[in-house]
Amino acid sequence: MLELIWLVPALPLAGFLTLVAFGRRLGEPLAGWLATAAAGGSFIATVLVFIGLLGEDGHSRQFQQVLFDWIPLGSLKVEAGFLVDPLSITMALFITGVGSLIHLYSIGYMHGDEKFSKFFIYLNLFLFSMLMLVFGNNLIITFLGWEGVGACSYLLISFWHTRESAAVAGKKAFVTNRVGDWGFMVGTFLLWTTIGTVTYAEIGPAAHALTSTTGTAVSLLFLVAAAGKSAQLPLYVWLPDAMEGPTPVSALIHAATMVTSGVYLLVRLNPVLTDDALTVVAIIGAATALFAALSAVAQHDIKKVLAYSTVSQLGYMFLAIGSGAYVAAIFHVITHAFFKALLFLGSGSVIHGMHDEQDMRKMGALRALMPITAGTFIVGWLAIAGVPPFSGFWSKDEILLAAWEKSPVLWVVGLVTALLTAYYMSRQVFLVFFGEARWSEEGDHPVHPHESPWTMWVPLAVLAVAAVAGGAMNLPLVADWLVLEHFLEPVFEHGHLHHFTSSTGTKVGLAVVSVVAGLIGISFAAGAWLLRKISTNKLEPEFLENAMYVDAAYAKVVGGPGQKGFDMFAAFDSNVVDGAVNGAGRVVQMVGRFIQPAQSGYMRQYAIGIALGGLALVIWLLTGVV
Amino acid sequence: MTMFASSATSSMPILTWLILLPAVGAALIAILPKSMPGLHRQLGVLFSGGAAGLSIYVATQFDTHSSGFQFETIQEWIPTLGISWHVGVDGISLWLVVLTGLIFPIVLAGIDPHGDEKSYTAWMLMLQAGSFGAFLALDLFMFFVFFEIVLVPMYMLISGWGYADRKYAATKFFLYTMFGSALMLVAMLTLVSLSAGDGGLTFDLVALAERQALGVNTARWLFLAFAFAFAIKVPVAPIHTWLPDAHTQAPTGGSVILAAVMLKLGTYGLLRFGLYLFPEASVHFAPLLVTVGVIGIIYGAIVATVQGDLKRLVAYSSVAHMGFIVLGTFAFTTQGISGSVLQMVNHGVSTGALFILVGMLYERRKTRAIDELSGIQKAAPIFAAVFTVSMLSSVGLPGLNGFAGEFLILIGSFETRRWWTVVAAAGVILAALYLLWAYQRVFHGEPTDADLETPEMRGSEALLMLPFIAAMVFLGVYPQPLLERIEPSVDALVTHLEEHTDYERPEDVVIVPSDEPDSSDEHVDESESEEEDH
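From first to last, the protein sequence lines stand for chains A and B. Going left to right, the first sequence walks through residues 1 to 626 as the numbering used here numbers them. Going left to right, the second sequence walks through residues 1 to 534 as the numbering used here numbers them.
It is possible that part of the hints are untrue.
[As the list claims (entries may be wrong)] Simulated crosslink set (PhoX-like; lysine-lysine; CA at most 20 Å straight-line): (1) A:Lys118 x B:Lys378; (2) B:Lys366 x B:Lys378; (3) B:Lys118 x B:Lys34; (4) B:Lys378 x A:Lys115.
Bear in mind the hints are in silico, worked out from the structure with no lab data behind them.
One chain only, chain B, in its complex shape (with noise of 0.2 Å):
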């Protein structure tokens, strides 16, 4: 540990402490020898836990004013190459950052692996400080290095912890995300190179997109590279169908991590180094990528509609979700990407939730089968509560979470996507349909003697719910705490948007008052002789 005392004489690096705790404590879990039961999960929580600490204290000590990135460390790596260990956080990732920090812990806590906790805990570990690296890095090869290794203990959780397919489905998740690397790894090669000028090579994210070295074809080249490997994590229709066997195979935490933060770094990706780095091809392509987030969020929801098996649904389900953050994502509206950023946060709470009560649904009845359930309300009236409410904050029900981000993902992209966002809304006629079909058919109805016998949800289950049905009600009646820090770095990326290309986002709408109580000037227009008053 000595080596990091030198560094921390100005001020402690403490985002560099939040990557590395949760790694040091997956070394240490490796180390210590099997046989000491209950040990490494605890110590997983403590570490992890730790982590979390830290990124509640990042939230706030941040500084609500600033738009640019903050608690920023630069050290130099391999300078030949221009390569920096560069860590900032912003309004953007700020909290992906905590969400991170919060779930691994009550992930490793509330959750039992069912088998080698050791090795579970360790991969936890190292997937919590390769997601932090991947939200918190600055720099184009530390990101790529985070965002491949993530992919490993993320294989390992589904294929050592999952369910009968989950050799097939890890497979799939890795090579499908694999091939996106891939092209992600030459179109940053490419970038850096081309964009080096005279003080070398640089792999530095905020030096890049200010520089805008690139001529446009090439930016558009590299950013469609960029994009896809994006697409493949958020994932978008049609690059989509590793989601549904992953989320179904893996094991229930793994499944809350995929859905909270995993699919984030695609969301994330796309803005940090989609419309920062290469604004102009942002701009270009942004009617084929809203067009897909639409499609994504009907066909996700039509598919999930006629679902048999209810992980599934729920995971077919984030396929529509995810459809609304892309459209957020490319209205360029304040109000649009900021609601995709409060979105990626309320999507990993309450789809984080409903995999964890279908995992304790399967722990009960070891099936997931809509049509083998049924009535279970009556067995378990508390377990049906808590599905309700997080049901409800999925569906989007205003005074929860999803409606928030939501609403702004809406109403934002309504100035700049008119149509799609016209389309888009319906989405939301169909969340409530596949989501309410699913639950009358698997909570109400008449219970058969196996449903009546399914245990009510146990203290120690509920006490695990407990933070995100909080979390669902806090952010849902007072989502200002996030927004306040989201808005300026968010409306200085749209700004960078504007300097970068010719887009201009639409100007605040001031209407003078007319005090006239008169209505002979109401609905001014082309036809005012239609206008007769009664």
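Excised from the complex, chain A in its bound form (with noise of 0.2 Å):
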């Protein structure tokens, strides 16, 4: 069944063409469950293939399938193929799975557009490109992925472009997106001069011959790379912005999907990176987790919260690669998928009761109104916010440790962190759907809450219970239950994959320290913002409203200093370049004047002059020659 794969990507791209060509005519709902079906198909066909890699023996768990060379020169070798291991189909299960609930969910939520189907042609699109992004079995395959998810990102967060927000939001992204995409190409190009191959299975056993300076310099560039993807520090400050899309697109693409492919595509390359590299992912990932986490605690829009939490569950993520414990991170990206999307999914059920209403000051009391929603909403809160047994707290719970076994200065980030996690999302879930109501359904803005369709509900349901049971894929102690360690580990053959050395005793006080930690958090939400005992004054400060300011600095520079360099390099094309050349021409002219006072028409003569020529020489090379 391993041969099935070329299926998965197939479907969706082929419920992208037909869309194209018949999207219009097919309409709502149609196109929308056309859309829908190419992507539980193709969960359907990773499903098979995953059943088939079961069946091989587990370190042979590795299938490539060639189509084509797409780009073969001399020594280059870059093929249209995909590769079938643990890791690529670890992703793309949850990637078709949570795609497809997410398509279903689009149908209810997209209802009454006028572009309904355009919105679903992207979506098929962006499958297929994710598909391509973690099925490639190569750096450039991934590539066209990455680049793909990338343009697909942009098409929809400008979805409602009328709107100047939206339309600057998609530019920002893809622009910066690029700056990430330089160190891609770079790292590449640097991988393949030096090893001689783009193919990941030749990567990990060729590994060996980079030096440790080249080997970082590599490690480095996918940084870059992945930082700009995957939201990190310094590269971050699209991610906010692109909530402008409409919310499925904020949980497929920009919660549980694509921003994810950084964490990918460094686990993916474990063999080249280097220990000096992995510190600075480290780094670099809790700084993003406390950053984000404190930007997320003052914002007001529903969607903004969520959007700055997931950048500091990415900068988990990136602490897990940097602790070498990959197989965390790829379990806290599961983890996450399930209910940083059912979180995601469950604020646009909440916007669309409360008809397009973002600000979480105008909200409360929704539980009564919209029961299953604030049921899976809550779920998703306490999953993320670390409580056991949820499925949040097992994989940030090994993150934790890992970064305890890294560094205890890491560690202490992580955990306040993870109180502030909790803090936040406690505080979003009690002004959202507990407390007074602050809207009201006669006066000016009259709003009317209320469940939303089953079309809508369902996938928050079905992703409700896997944010539950998700941590039963790794859990600690007993080894038997780490199947998704034991299951992932042959990719890392050729890396070096951190085995956790604490004893048993650390790891449990360990978790009860990060359990106190979120209860913590938890029971500050509820006197501030529940039972109202605290103040909340100096809760929200504008500095962390403005998220320190980093982005209002960057738009400082580039509108500013960065434009006006810009147009003093234009001003010096058209003024001193181009003015050169029409000076020399007037001196050339003012000659001319002084020898020739037929100065009229001068160009004109000359060019007829030329053109008999060239007319002449034609002739006599026709008579003259053949």
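Assembling the complex is the task here: the two chains are given apart, and the hints tell you how they should meet.
Shown next as structure tokens:
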């Protein structure tokens, strides 16, 4: 069944092409159903390939399918090929699974939008690109998917393009990501010139030929790429703005799948990563996790909280990679996909029910009116807050353990982040679903909150189950329960997978500390935002609401000196470079005027002269030759 | 026509026909009366389309295993001076010939010149004939003649069918190029007279390139003269300012041909009459040319970003794109040069498409000023979609045509010109910036009433764009048919460089795989002791 791999990306591609041709005629809701069927079919195909892979023996679980040579030139060999191994199939399972659910959800969410079918065109194209990214058997096919998801992200963020902010956010996302792409490309070049291959199956065995300097350089270049796509410091700025896109897009692309491609890329390249580079990865991850968690604390927009939370959680994943705990990183990618997609879709359901209101200060007490949304959102909250036995607890705990073994400082940063996470997520839940209603069914802006249609709440329910039980795939303490770790292990054959060395006592102790931290965060939020026992006056500082003004500073530099510099180049071009040309022309003209009084029509005569001469040459040539 | 019959006995001189067919068409149209509306353009499409058919036939019959010139024809022309009618095609010129073949009938059929169709069509056909001649000529004199001939129709097209400032732009274009040509002519005559051996004078490119009879310093000076003429044509910064004016003022059809075909005479010339004819000088001056190429990439992109006129923006993007081609050419690796050859075709497709789209926008709104347009996507979503695909192709999105060429250029250049390539790769960021920013301002945002009345793309216009979009996707997904024909000739050219200079291409890297999953031998290097396991 491994041979079916081509079907996995082919189905969404077929959906995309069909919708390009017939999308308008199909209209709502058929276009949505067709796209959902393509995504669902892709999920089934992935499951079949997965079963096929399980049939193979542990360490030979690697299957390549080459369709054709894409860019073959001399010693450079770039195939259009797929690599099925535990890592790619793990990624694909949740991508197609969560992706299908979000397709289904979108049928309800995009109801009535005049560009309904276009939305699904983009969504299917995105799914195709994402699958190329993870299944590519070489860096260049991955790059194809990498740029493809970037383009889809651009198209979907600026989906409601008459809104200026959406248009700007789309462009910003693409251009910022291109900074990362620069790292991807130069990293690829350096790798190829050093070890002569871009194919994953060959990179591992050849990685030993990299010197530590080159290895570090390659690693850091790919870190630039990953930081762009996965919104790490200092390139994270596009992700909060990306919330301008429709909410299913935020869930699928900007939480569950695309933004984790940076994590995938680094894990895929684990044989290349050097210790020095890993330390940098860990520091960037930890810094991003803390920075974004602090920023999330003071947001008022329901989606902005989740956006900063995503940046922060991605920071956790980078911290895991930096600690060598690749399995923990992937584990968290998966559980995060479940609970964050759930939270985003839940927020979408709230926005939908509140008639496009996104400000949490105008919400409250929605629990009774939207019971399914509230119930599933609470599950997502408990999962991300690290409350056992929800999935987030297990994956986050593993990351904190790895950070502890790398350096206690990193662990402390991770722990503070965990406390903040529990706090800001509790604040959100209390502000939205509990307390008094800060909206009214009458007045200037009457709101009639209501539960969403089944196409929207079914995905919520399924994701809630996954968010509860997802932790079961990799439970600590008993070796046999580390299902994910055992499954992924062959991927790290040529790298250094970190194996935990701490005693059981330490492990349990750290887990207890992190649970306590989470509970402190929740309790504090409850005191402030639910029971209103703690004054909330100073809990939303402007400094944090503006994410420490990092983005504003960028905008100032780009819009100020940056723009001025570009304008100076253009002025230089037209005044100095072209001015010199025109000046020289004028001098020649003056000399010409001096020599020859007949100056008007000078060029025309010259041109005609050349034309006649040319024609004469042609005639001469015709008679003389052949 | 009888005069051709005699020579067609052994094999049909198909390349000669390729040059003659549009020339005959031009002559025929020139003698037809003006009072036959429609006929001129139909004939134009017929003749240029016939040439397109021939060019495709050449591509299909092309031997992919041969690196030398194919379909060669040599006829003595002026034996006393060693001038002959020598035409041939190899992997470096093949796709430029096909591009020249295909783009003219498309432009003639699909783009309305708005006035005097008869002369317009005749000049276009003459331009096609001249371009074929320049790409196929293997005799220096012949090349020079064709290189000059193409200026005239282009001058006429700009000054006759262009926009408000057309006279200024056409004159600037003409004088600029003539200046370079004059240098080239002197250099060419010097080369030929100095290379004369026992066999007398020869203008034959292959003979001159193989003979390499000049002293090092002389060859370097002559190379500079040739390179300067070609650099104007490319154009490389800072001798590029004729281009934005010519492009902006030229009629849409003229802009498309200018970008797709005429700029390539410069980059093609650098390969054929630079690297091949003057290998030592090429190697000697490579750092200079690579530098100006990279400057062009960054400089063109920066200036493009702040242009207020959409057509000027596309024109400056050409400066940046052509910079990549110069970089790849002087990287001297098979990947780099092949990428450059491929990118010449890609640039023709992407930039050609963008010029057509800007032309369509101008027809609708009578303006190209970015700040006078807004929210067009709302009124014309299909038009916007076609623009988006063309834009992404120009930006170098993998899966579309721009990527394969750019990628090969960069990876090939990285081997020999590492730091230049690191800077050049940053040009990819800027490309996204200038195009997406322009797109955001023109197509996104809140449309005004005037914007809302912008007509959607018509069926005939969609038909015109179809071959461009098809080419973008095909070349992006499956460039192999092109690459396998390009590679042997490029490889031979690199070998030619190695034979005549002390340049050596980088060796292929072959790493013996370590099957040891053990990490102790990972990252062997100067500091093994640091490589402790966790």
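Here is how each hint holds up against the structure:
Pair hint lysine 118 (chain A) plus lysine 378 (chain B) holds up; C-alpha atoms about 13 Å apart against a cutoff of 20 Å. Distance hint between lysine 366 (chain B) and lysine 378 (chain B) is fulfilled; the C-alpha atoms sit about 19 Å from each other, no more than 20 Å. Our distance criterion of 20 Å between C-alpha atoms is met by lysine 118 (chain B) and lysine 34 (chain B), whose separation comes to about 7 Å. At roughly 10 Å between alpha-carbon atoms, lysine 378 (chain B) and lysine 115 (chain A) fall within 20 Å of each other, so this suggested pair holds.
Comparing the model with each numbered hint stated earlier shows that all of them hold.
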